[in-house]
Amino acid sequence: MRFGVMMLLFFSMLFVSACGLAVQHDNYEIIYAMGNDDPEAPAGQPAEDGTDKFTIGVVPKLVEIPYFNLVEEGAREAAEHLGAELIYKGPPIADTAQQINIIQELIEEGVDAIAVSANEPDKLLPTLLKARSQGIKVITWDSDTYREGRDFFVNMVDDEKLGRHLLDTLAWNTGEKGEFAILTGQSKAATLNEWIKWMKVQQEEYYPAMKLVEIAATDDDPQKAYEAAKRMLAQYPNLAGMIGNSSVGPPAAAQAVKDAGRTGQVKVVGLSLPNLMAPYLADGSAQVATLWSPKKLGYLTVVLAVQMLEGNPPQDGMTVANVGIIRVNGDVVVMGDPVDFTEENVNQYDF
Amino acid sequence: MISRLTDKLAFGRLRLSTKLMVTYTLLTIIPMSLLGYFSYWQYTKSIEEQIGEYMPRFLVQADANIKKHMDELSTLPEMLFNSEAMVAILRRDVYQSRADLNRDQFEMNSFLNRTYLNGASPDVIGVFLLSKNRVFESTRLSYSGIDWGQAFTDYGQDLELRSSVKLLLPGDIGLRFVDNVPYVLIMKQIEDVDNRKNLGMMFIAVRLNFIRNVMHNLENSNQADMWLMTRKGQIIFHTNPQRIGAFDPNIDRYPLLDGSFREKSETGTRLVSVRKSDELDWVLVHSVPLEALTARTDFVKQVTILVFIGLVLLSIFMYALFSIRVTRPLNKLNQLMKHVEMGKFNVDLKVQSKDEIGTLAGSFNSMVTTIRELIEQNYHIEIRQKEAELYALQSQINPHFMYNTLETISMAVEEDEKETVVEMVTLLGRMLRFSVNNKSKFVTIDQEVQHVHDYLTIQKFRFEDRLSFDIAESLPSSSEEALYTPNFILQPIVENAIKYGLEARKGVDVRITVSEEFGAKSGRQDLVFRIRDNGPGIAAGRLEQLERAIREDAWAGKDSGFGLSNVNARIVLLHGHDYGIQLHSIEGIGTEIAVRIPITRAVDVERIEKEAKYRATHSNLNRR
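These protein sequence lines map, in sequence, to chains A and B. Under my numbering, read the first sequence as residues 1 to 351, first letter to last. Under my numbering, read the second sequence as residues 1 to 624, first letter to last.
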């Protein structure tokens, strides 16, 4: 009897052990679970939550000019997309001291990153260094500062390419000869001066018949720019063209040319917004406007700032959503190529 | 209760062959089959586990490959921005004439055709661009089933896709290419990055050949199914083309979406490996029947089972043979024992083998033979004993003696010797009464001596001076108890003495003494009868012969020495070899015969008779 019971137990045990594993989960039995060896899943999850906390301070050279308003639009779009908080604050005029104050305020507010379009690099540097020492990521956009003052610089275009191209656009229109003047923004703005350097190089290299007569600083003030243009038109009767090096330059120059009745005689090219330039392009007082999309620049700056905070510094050839492929050269990010606006295509752009 | 059941199942009651079979089954078949079953189970499990572990890793690879393809395809819409003119067309909102619109459409369509269908990937079968109520399109295959007007509402530029790519399945949008070519629609919003505006929606229809290739690289077995489906279970691609677009009803029941599991269904158990793609929100599934994985093992299993069954049958056969070889002699032994029990001793258990069974059979045969021989022997001893006793009885008063005595009496009557006649008749009567009354093997010494005295007296009447005798009893008179002796031991010796003495001489003198003597053999006081005559004596050679005859064969024939050997045999039978007859003879002078017996009292008689019987048997056994 005991023997029989033992055998019965034994066989029932066998049966149970053989079927036991299979029975659980009714029809499904897990053999192997991949687990969390997928590196993207754990990294992606907290980052998405974390972006809420990121506060990005974007400081333009000045506010209330169309160019920087457009940058703000783009920056806001990006902040909304990424769920980051954006503080867009700038001085009413392109004044470094005020810019320093604003940056100081942002540091006190405890932002995660500051993106600056620098007015005067040397004056700005101590403040930026202070920000960096407090663990705030500092990037520059539109206008660079010294390298030690920031993590990287978001450049709209390649400096050399833009400088040479600007001079080219003037050369096409003046027949590669004649006197020309440059209306720049702040005389000390590093990026503007870089472009001017390349304009000179291009002129010396290819256009010996052209002659740069004056570089006038406008401090990005439209009124100041208009007056400077007017003055130069009077001062240089043989003036064949004017290059606006910052967005307020070309419209002021075109207006001055128009007002002086020298439309068609003095060609106006330079960096400006299509909307500002559209009337002048249409009536011939300006020939070519060159620019990038300021919205795109604002957008890219904020995206790169957030990615930096997430631990993904920009990389060469990286595709940024809604922007495109960016190039990175050392610690300088190049957004893309400049776009030329002429009478034909200016209406396609709404900035 | 347990004990009663134990009785029922009692192993001890089973037949020996059954026991052997049960033992064999328990010790061999069950452990072997269990071992086989366990190793097979373990082996298939480890195969499953290995494949279950590796397949998801392969799926990760396949997923990465598909993802890479998809990423490449997702960049296709970017090619639109290569052409400023096309971007300008897309940016255009209003047309002054239908011709302008048609021109733009023509330009855009031919651009799409150039860029996407003739270049790019060969898998692209159609491109559709919805922008500001315009439809631009270019396809490789004819299609049907879509209403672009409706599509504007569903997928128009108001949809905020941002930069991400969305996949549309044929079922989502109703677009059908000729021949039902499996495809997915890559839907991407066209963004004007400069103006930060939405320009429209681009749909690129992509043939799924690359997924087929990826899957084919991973698994080219016909039995395995692979498919790609959305998290909701809609199948984007399946190795079985008919299932593309269908729904996998089980997706919600899958225990996990990253790993392997076993799935049981009516069609059998399958090993399912799944990999979910986080970015693309789809699930890659590989499903293979377990039989396909374990096919080779199953073949080995079947072969093993066949071989195992074969071995089991063979060994059962061998066991049966063996147990028959063991039990058959035992059954036969049982039968033969019954025969022996009934008294039939002529049996022979024939077993050739030299093992224990053979030994047993040999022992049995030998035992039966011994029993048979013992029985025969005892039977013979009994008969011979009876014969000896009968002879003694017959010899006591033999007819020859009667005749001679009666003749002597007759002569005495003729001579008118009344007293002699009376005495002789009295003596004869007493002798007869002694013979008639004597039923025991023992008589008192007095009776025996009286009897031989009577005999000698009668003979004295007959032979007169030729015969003289004397009987001297020198027993210690102190013994109050009567002493016993085997009966009829003196008369045959005296008869011999008279017979041989009177044949050789004119007269013979017979002297009989009865005394107690110390016996060297027995080591104690014995009773000794000595019968001495002055007859011719016995020659030395003859004496030796005679002595040997007396010792060796107590039951020899009734020749001249028979009287002596009969006496000796009866004494030896009753008292053992320490006792018996001794012959002493010198030729020409005479013969002395000593009859040695132990001192026997009445109490000893019965014991001695019993011992005698035992000794007879025993001595015969020893002699064998």
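Source of the hints: derived by calculation from the structure; they are not laboratory data. There's no promise every hint is true.
[Said to hold, decoys possible] Residues of chain A clear of chain B, computed beta-carbon distances all greater than 10 Å:
1) Glu29
2) Ile31
3) Ala33
4) Val63
5) Gln104
6) Glu108
7) Pro126
8) Glu148
9) Lys230
10) Lys295
11) Lys296
12) Ala321
13) Val323
14) Asp350
[Said to hold, decoys possible] With a Cα cut of at most 35 Å, we get these calculated DSBU-like pairs of lysine-lysine:
15) B/Lys276 <-> B/Lys67
16) B/Lys344 <-> A/Lys53
17) A/Lys211 <-> A/Lys161
18) B/Lys506 <-> A/Lys53
19) A/Lys258 <-> B/Lys276
20) B/Lys232 <-> A/Lys89
21) B/Lys197 <-> A/Lys224
22) A/Lys197 <-> A/Lys211
23) B/Lys499 <-> B/Lys19
24) A/Lys230 <-> A/Lys197
25) B/Lys386 <-> B/Lys19
26) B/Lys45 <-> B/Lys232
27) B/Lys19 <-> A/Lys53
28) A/Lys224 <-> A/Lys89
29) B/Lys264 <-> A/Lys53
30) B/Lys521 <-> A/Lys161
31) A/Lys161 <-> B/Lys68
32) B/Lys386 <-> A/Lys53
33) A/Lys130 <-> A/Lys177
34) B/Lys45 <-> B/Lys264
35) A/Lys130 <-> A/Lys258
36) B/Lys386 <-> B/Lys344
37) A/Lys89 <-> A/Lys177
38) A/Lys177 <-> A/Lys123
39) B/Lys499 <-> B/Lys441
40) B/Lys354 <-> A/Lys53
C-beta atoms are modelled at their ideal positions from N, C-alpha and C, and glycine is treated no differently.
Hints versus structure:
1. Distance to chain B contradicts A/Glu29 as a non-interface residue, since its nearest Cβ pair spans about 4 Å, not more than 10 Å.
2. Non-interface call for A/Ile31 relative to chain B: violated, since the shortest CB-CB distance, roughly 3 Å, does not exceed 10 Å.
3. The Cβ of A/Ala33 sits about 4 Å from the closest Cβ of chain B, inside the 10 Å cut-off, so the non-interface label is violated.
4. No Cβ of chain B comes within 10 Å of the Cβ of A/Val63; the nearest lies about 19 Å off, and the non-interface call holds.
5. The claim that A/Gln104 lies off the interface holds: its Cβ sits roughly 31 Å from the closest Cβ of chain B, which is beyond the 10 Å cut-off.
6. At roughly 32 Å, the least C-beta separation between A/Glu108 and chain B is larger than 10 Å, which holds for a residue marked as non-interface.
7. At roughly 35 Å, the least C-beta separation between A/Pro126 and chain B is larger than 10 Å, which holds for a residue marked as non-interface.
8. Listed as a non-interface residue, A/Glu148 keeps its Cβ farther than 10 Å from every Cβ of chain B; the least gap is roughly 32 Å.
9. Distance check on A/Lys230: its Cβ is at least 32 Å (rounded) from any Cβ of chain B, clearing the 10 Å threshold; non-interface status holds.
10. Distance check for A/Lys295 against chain B: the nearest CB is about 4 Å away, which does not clear 10 Å, and the non-interface claim fails.
11. The non-interface label for A/Lys296 is inconsistent with chain B: the shortest C-beta to C-beta separation is roughly 5 Å, within 10 Å.
12. At roughly 3 Å, the least C-beta separation between A/Ala321 and chain B is not larger than 10 Å, which violates its mark as non-interface.
13. With a closest Cβ-Cβ approach of about 6 Å to chain B, A/Val323 is found to fall inside the 10 Å limit, against its non-interface label.
14. Not every CB of chain B is more than 10 Å from the CB of A/Asp350 (nearest about 5 Å), against its label as outside the interface.
15. Of the pairs offered as hints, the one joining B/Lys276 and B/Lys67 holds, with about 12 Å between alpha carbons and a cut-off of 35 Å not exceeded.
16. Distance restraint check for B/Lys344 and A/Lys53: the Cα-Cα separation of roughly 116 Å exceeds the 35 Å cut-off, and the hinted pair is therefore not satisfied.
17. Annotation: proposed proximity of A/Lys211 to A/Lys161 holds, straight-line Cα distance about 20 Å (limit 35 Å).
18. Under the criterion of a C-alpha separation no larger than 35 Å, the hint pairing B/Lys506 with A/Lys53 is inconsistent with the structure, at around 169 Å.
19. Proximity of A/Lys258 to B/Lys276 is assessed by CA-CA distance (about 65 Å); at most 35 Å being required, the pair is judged violated.
20. The suggested pairing of B/Lys232 with A/Lys89 is violated, with an alpha-carbon distance near 46 Å, which exceeds 35 Å.
21. Between B/Lys197 and A/Lys224, the direct Cα distance comes to roughly 33 Å. Compliance with the 35 Å bound is thereby established for this hinted pair.
22. With a CA separation close to 14 Å, the supplied pair A/Lys197 and A/Lys211 stays within the 35 Å bound.
23. Pair hint B/Lys499 plus B/Lys19 does not hold up; C-alpha atoms about 79 Å apart against a cutoff of 35 Å.
24. Restraint check: the Cα-Cα separation between A/Lys230 and A/Lys197 comes to about 24 Å, which is no more than 35 Å; the hinted pair holds.
25. A hinted pair counts as satisfied when its Cα atoms are at most 35 Å apart, and B/Lys386 with B/Lys19 does not qualify at roughly 56 Å.
26. Taken as a hint, the B/Lys45 and B/Lys232 pair is honoured in the structure, with Cα atoms around 31 Å apart against an allowance of 35 Å.
27. The hinted pair formed by B/Lys19 and A/Lys53 fails the criterion: a straight-line CA distance of about 84 Å is larger than 35 Å.
28. A hinted pair counts as satisfied when its Cα atoms are at most 35 Å apart, and A/Lys224 with A/Lys89 qualifies at roughly 23 Å.
29. A threshold of 35 Å between alpha carbons decides the hint, and for B/Lys264 with A/Lys53 the separation of about 48 Å lies outside it, so the pair is violated.
30. For the proposed pair B/Lys521 and A/Lys161, the alpha carbon gap of about 154 Å is over 35 Å, so the pair is violated.
31. Between A/Lys161 and B/Lys68 the CA atoms are separated by roughly 34 Å; this keeps the pair inside 35 Å, and the hint holds.
32. At roughly 137 Å between alpha-carbon atoms, B/Lys386 and A/Lys53 are farther apart than 35 Å, so this suggested pair is violated.
33. Restraint check for A/Lys130 and A/Lys177: not satisfied, since their Cα atoms lie roughly 48 Å apart, outside the 35 Å limit.
34. Between B/Lys45 and B/Lys264 the alpha-carbon distance is near 15 Å, which keeps this suggested pair within the 35 Å criterion.
35. A hinted pair counts as satisfied when its Cα atoms are at most 35 Å apart, and A/Lys130 with A/Lys258 does not qualify at roughly 47 Å.
36. Distance restraint check for B/Lys386 and B/Lys344: the Cα-Cα separation of roughly 26 Å lies within the 35 Å cut-off, and the hinted pair is therefore satisfied.
37. Distance hint between A/Lys89 and A/Lys177 is unfulfilled; the C-alpha atoms sit about 43 Å from each other, more than 35 Å.
38. The hinted pair formed by A/Lys177 and A/Lys123 fails the criterion: a straight-line CA distance of about 39 Å is larger than 35 Å.
39. Restraint check for B/Lys499 and B/Lys441: satisfied, since their Cα atoms lie roughly 26 Å apart, inside the 35 Å limit.
40. For the hint pairing B/Lys354 with A/Lys53, the CA-to-CA distance comes to about 100 Å; that exceeds 35 Å, so the pair is violated.
When held up to the earlier numbered hints, the structure conflicts with 1, 2, 3, 10, 11, 12, 13, 14, 16, 18, 19, 20, 23, 25, 27, 29, 30, 32, 33, 35, 37, 38, 40 and fits the remainder.
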